[in-house]
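Student: Sequence lines, in order, name chains G and L.
Position 109 of the first sequence, counted from 1, bears residue number 109 in the UniProt record's numbering, the numbering being contiguous throughout.
Position 242 of the second sequence, counted from 1, bears residue number 242 in the UniProt record's numbering, the numbering being contiguous throughout.
Derived by calculation from the structure, the hints in this document are not laboratory data.
Treat each hint with caution, since some may be false.
[What the hints assert, rightly or not] Okay, derived cross-link-like pairs now, SDA-like style, lysine to any residue, Cα gap no bigger than 25 Å in a straight line:
(1) G:89 x L:234
(2) G:125 x L:249
(3) G:21 x L:237
(4) G:58 x L:182
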Amino acid sequence: MSFLELKDLRIHFPTDDGLVKSVDGLSFSLERGKTLGIVGESGSGKSVTSLGILGLHKGGRAQIGGEIWLDGEELVAADAEHVRTLRGKKMAMIFQDPLSAMHPFYTVGAQIIEAYRIHNDVSKKVARKHAIEMLGRVGIPQPDRRVDSYPHEFSGGMRQRAMIAMALSCDPELLIADEPTTALDVTVQAQILDLMRDLQRDFNAALIIITHDLGVVAELSDDILVMYGGKCVEYGTAEDIFERPEHPYTWGLLGSMPRLDRERTERLLPIKGSPPSLINVPSGCAFHPRCVFEDRTAGKGSSLVPELVETEGGHLVRCHLPRDQRRSIWENEIKPNLEAS
Amino acid sequence: MVTYIIRRLIWAVVMLSIVSIITFGIFFLVPRLAGATPEDLAARYVGRTATEQQVKLAAEQLGFNDPLIVQYGRFAKGIVAGADYNNGPSVEHCPAPCFGYSFRTRLPVWPDLLDRLPVTISLAIGAAVIWVIAGVATGVVSALRRGSFFDRAAMGVALAGVSLPIFFTGMVSLVLFSYGLHITAPGNVYTPFLTNPLTWAYDLLLPWITLAFLYAANYARLTRAGMLETMNEDYIRTARAKGLAERTVVLKHGLRGALTPILTIFGLDFGLLLGGAVLTESTYSLPGIGKYAIDAIGYQDLPQVMGVVLVAAFFVVFANLVVDLLYAVVDPRVRLV
Numbered sequence: 001m002s003f004l005e006l007k008d009l010r011i012h013f014p015t016d017d018g019l020v021k022s023v024d025g026l027s028f029s030l031e032r033g034k035t036l037g038i039v040g041e042s043g044s045g046k047s048v049t050s051l052g053i054l055g056l057h058k059g060g061r062a063q064i065g066g067e068i069w070l071d072g073e074e075l076v077a078a079d080a081e082h083v084r085t086l087r088g089k090k091m092a093m094i095f096q097d098p099l100s101a102m103h104p105f106y107t108v109g110a111q112i113i114e115a116y117r118i119h120n121d122v123s124k125k126v127a128r129k130h131a132i133e134m135l136g137r138v139g140i141p142q143p144d145r146r147v148d149s150y151p152h153e154f155s156g157g158m159r160q161r162a163m164i165a166m167a168l169s170c171d172p173e174l175l176i177a178d179e180p181t182t183a184l185d186v187t188v189q190a191q192i193l194d195l196m197r198d199l200q201r202d203f204n205a206a207l208i209i210i211t212h213d214l215g216v217v218a219e220l221s222d223d224i225l226v227m228y229g230g231k232c233v234e235y236g237t238a239e240d241i242f243e244r245p246e247h248p249y250t251w252g253l254l255g256s257m258p259r260l261d262r263e264r265t266e267r268l269l270p271i272k273g274s275p276p277s278l279i280n281v282p283s284g285c286a287f288h289p290r291c292v293f294e295d296r297t298a299g300k301g302s303s304l305v306p307e308l309v310e311t312e313g314g315h316l317v318r319c320h321l322p323r324d325q326r327r328s329i330w331e332n333e334i335k336p337n338l339e340a341s
Numbered sequence: 001m002v003t004y005i006i007r008r009l010i011w012a013v014v015m016l017s018i019v020s021i022i023t024f025g026i027f028f029l030v031p032r033l034a035g036a037t038p039e040d041l042a043a044r045y046v047g048r049t050a051t052e053q054q055v056k057l058a059a060e061q062l063g064f065n066d067p068l069i070v071q072y073g074r075f076a077k078g079i080v081a082g083a084d085y086n087n088g089p090s091v092e093h094c095p096a097p098c099f100g101y102s103f104r105t106r107l108p109v110w111p112d113l114l115d116r117l118p119v120t121i122s123l124a125i126g127a128a129v130i131w132v133i134a135g136v137a138t139g140v141v142s143a144l145r146r147g148s149f150f151d152r153a154a155m156g157v158a159l160a161g162v163s164l165p166i167f168f169t170g171m172v173s174l175v176l177f178s179y180g181l182h183i184t185a186p187g188n189v190y191t192p193f194l195t196n197p198l199t200w201a202y203d204l205l206l207p208w209i210t211l212a213f214l215y216a217a218n219y220a221r222l223t224r225a226g227m228l229e230t231m232n233e234d235y236i237r238t239a240r241a242k243g244l245a246e247r248t249v250v251l252k253h254g255l256r257g258a259l260t261p262i263l264t265i266f267g268l269d270f271g272l273l274l275g276g277a278v279l280t281e282s283t284y285s286l287p288g289i290g291k292y293a294i295d296a297i298g299y300q301d302l303p304q305v306m307g308v309v310l311v312a313a314f315f316v317v318f319a320n321l322v323v324d325l326l327y328a329v330v331d332p333r334v335r336l337v
């Protein structure tokens, strides 16, 4: 069994308007030292998945089904108090906006010290030394002074570094980064991604990067999982997804990515429409109302839910289009448009 | 920081001067505009049996014939440096801060106020401790169990708390607990803390609870609203993601974030109360500043009323200053400049 394994994970939220199926039958596995990128639009269930792995939906209104295996231990049915002891120590998380994700009233050091001391029975002094060491490790200059600064006294990039230091303070084996660079300047984004790559190598942790930005996962990921409407629609190695994508939604994501090597006059190829409601998920394939190739599925698009099928060597696709047709559309209709003319 | 405090202190003095000018204006300028002569004002001091001659003499001696600005100057000087009153045979010195002499008792106002201050302070502090603890605790639990029976019940009681006036809750509780069950003091008694702390607390218990009920209600609602907001903040999710126990998440991260507005309101409420809890003190006949004010107004005892107003204004201004300083302690993002 892999280090992290999700089997048919379902996270549903009952609301007054109906059941919100944020995550609906998600399965994947991840080894130590490997990076998985989870890509999708807002509301596709990416963040709910990550919070679900950490057990942060426990005790709330969420209905959770399926299995999450972390290092041989099942977490969905596990006691909430037990999962809490794993949080921060065995698995940790980096959030999108480090300004709102850090408590404004406590110093950066105090927050790292707190995280460290939950799981390590050490004195404040020792924990403080550790916090300074961690801040230095993530590239914060003069860490012995900055340890006493408040989050608002840091720049955006420094804050995200501090956040990473906090997440890594207990040496977690699984690190989940939820849109770690979205709130940052472009120049800082690259630095943070570099830092995360270096640290992952040092810590040999399993890393999950959640993002809507394919550029970010291209940098870091070994494998990529594309989510749509709470389900996985395509899964494969980074090479599979970038070189031989087979799902129309993935094509859309690739077409929406601004690229420097493209002619300026050429338009991006955005996906029309907006993400589906998770209460009234479209019948059949959830993507069919927005799919350009829906008319080639012989009416199956709106009536039948497609299965996630292996197309070649671990590359999974959830689409009604026959495999050969998908490949020919990619080669002849999509790829030429994406490449520099 | 030090410059900030100095500037705020100067502002406090300016504020108090303005309050004193307005108070003085209300009691001396407005009557004059309404057509009152210096003799009408002096008549208050000399009693009903005085002859016209005596009234004229009093008006002259009290300086009511002088221009208003001179009169205010004398009043202000009395507060800052003390005043000398020439009552014919001798000159009586009234040490600073001199708010003048009562019409009725012929005693200087300031020592009277000083006598009554401990009662009001005791009442305010005791009630504040109860309402902050009860209000904040209720608010936190309500927010965490939003929509539960406890939440609904607590918010219902809170609504009653803010709606019911003290003279009603005070009377009802007196009848119930003091005269019916005989478990609390019957009112009209006050024992100084230093004389006997236990009796002090026993005498004040019912007024404390009555007063606290009014405020706790408000604080429970404020805390609940604040907690509902902060518990949805990203940093709460971070705290949980660290593996903190839920109790720590709520108290150390959630409540801390919700505390700032409560602190502000508390400063204002507490400052106002120190200027006299008029209704509570009247209901329980406690000899505090509030009762003093009510009596003074009833007898139209001008120097007493002006004294109370200025002392109350002082507490409000001072409480505001303390709150602003505490703000910087509670929220490090606040810079005092």
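Student: Now tell me if each hint is right for this structure.
Tutor: Going down the list of hints, with the structure as the test:
1. A C-alpha spacing of about 20 Å is found between residue 89 of chain G and residue 234 of chain L, which places the hinted pair at or below 25 Å, so the restraint holds.
2. Of the pairs offered as hints, the one joining residue 125 of chain G and residue 249 of chain L holds, with about 23 Å between alpha carbons and a cut-off of 25 Å not exceeded.
3. For the hint pairing residue 21 of chain G with residue 237 of chain L, the CA-to-CA distance comes to about 21 Å; that is within 25 Å, so the pair holds.
4. A hinted pair counts as satisfied when its Cα atoms are at most 25 Å apart, and residue 58 of chain G with residue 182 of chain L does not qualify at roughly 50 Å.
In this structure, only the earlier hint numbered 4 is contradicted, and the remaining ones agree with it.
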